[in-house]
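Take the sequence shown: its letter number 65 is residue 83 in this note's numbering, and every next letter is one higher.
It should be emphasised that the hints constitute simulated quantities derived from the structure, not laboratory data.
Mixed in with the good hints, there may be bad ones.
Simulated restraints, written as ranges between beta carbons of each label pair [claimed, not checked]:
| no. | residue 1 | residue 2 | range |
| --- | --- | --- | --- |
| 1 | Glu-68 | Gly-41 | 15 to 21 Å |
| 2 | Gly-76 | Gly-31 | 17 to 23 Å |
| 3 | Pro-28 | Glu-65 | 24 to 30 Å |
| 4 | Cys-60 | Thr-21 | 16 to 22 Å |
| 5 | Met-19 | Glu-61 | 17 to 23 Å |
| 6 | Lys-66 | Pro-28 | 26 to 32 Å |
| 7 | Arg-25 | Gly-47 | 17 to 23 Å |
Think about it this way: if two alpha-carbon atoms lie no more than 16 Å apart in a straight line, the pair counts; the simulated EDC-like pairs of lysine to aspartate or glutamate are [what the hints assert, rightly or not]:
| no. | residue 1 | residue 2 |
| --- | --- | --- |
| 8 | Lys-33 | Glu-23 |
| 9 | Lys-66 | Asp-30 |
| 10 | Lys-33 | Glu-67 |
| 11 | Lys-33 | Glu-78 |
Even glycine gets a Cβ: it sits at the ideal position worked out from N, Cα and C.
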Amino acid sequence: MFTLELRGGPLDGAKLNVPGRVGNILIVGTSLEQPIYRLAICECCAEKEEVLPFDFIGYEPINNSVPSTKHRALKIADVISD
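Could you put the whole structure together from the sequences, leaning on the hints where they help?
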């Protein structure tokens, strides 16, 4: 079990418990805005941490005419727990 801490953006301060390893990019699919967060530390350091910090970097385009993010690592369907 990993804990992700979201920093900045619409979900600032939220913590997510996820069952397994996640990638460097996180798109939160429960929000209409679909905010995108990126791992704030290197992968080597992340292996040693219990809480992984993710920084807000923008929003997933919801308009079909705009290209989608290609590096989607995880789309969380269940909401955030504090």
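Distance restraint hint 17 to 23 Å, applied to the beta-carbon atoms of Arg-25 and Gly-47: Distance hint for Arg-25, Gly-47 holds at roughly 19 Å.
Whether the CB-CB distance between Lys-66 and Pro-28 falls inside 26 to 32 Å: 29 Å Cβ-Cβ, so the 26 to 32 Å window holds.
17 to 23 Å as the expected CB spacing between Gly-31 and Gly-76, which holds or is violated: Distance hint for Gly-76, Gly-31 holds at roughly 18 Å.
16 Å limit on alpha-carbon distance, applied to hinted pair Lys-33 and Glu-67: holds, 14 Å
Straight-line alpha-carbon gap Lys-33 to Glu-23, limit 16 Å: holds, 5 Å
Supplied distance hint 16 to 22 Å, evaluated on CB atoms of Cys-60 and Thr-21: holds, 18 Å
16 Å limit on alpha-carbon distance, applied to hinted pair Lys-33 and Glu-78: violated, 20 Å
Consistency of beta-carbon spacing, Gly-41 to Glu-68, with hint 15 to 21 Å: For Glu-68 and Gly-41 the Cβ distance comes to about 18 Å; the hint holds.
CB-CB spacing for Glu-65 and Pro-28 relative to the 24 to 30 Å hint: holds, 28 Å
17 to 23 Å as the expected CB spacing between Glu-61 and Met-19, which holds or is violated: holds, 18 Å
Holds or violated: Lys-66 to Asp-30, with C-alpha atoms at most 16 Å apart: violated, 23 Å
Hints 9 and 11 from the list above are not met by this structure, while the remaining hints are.
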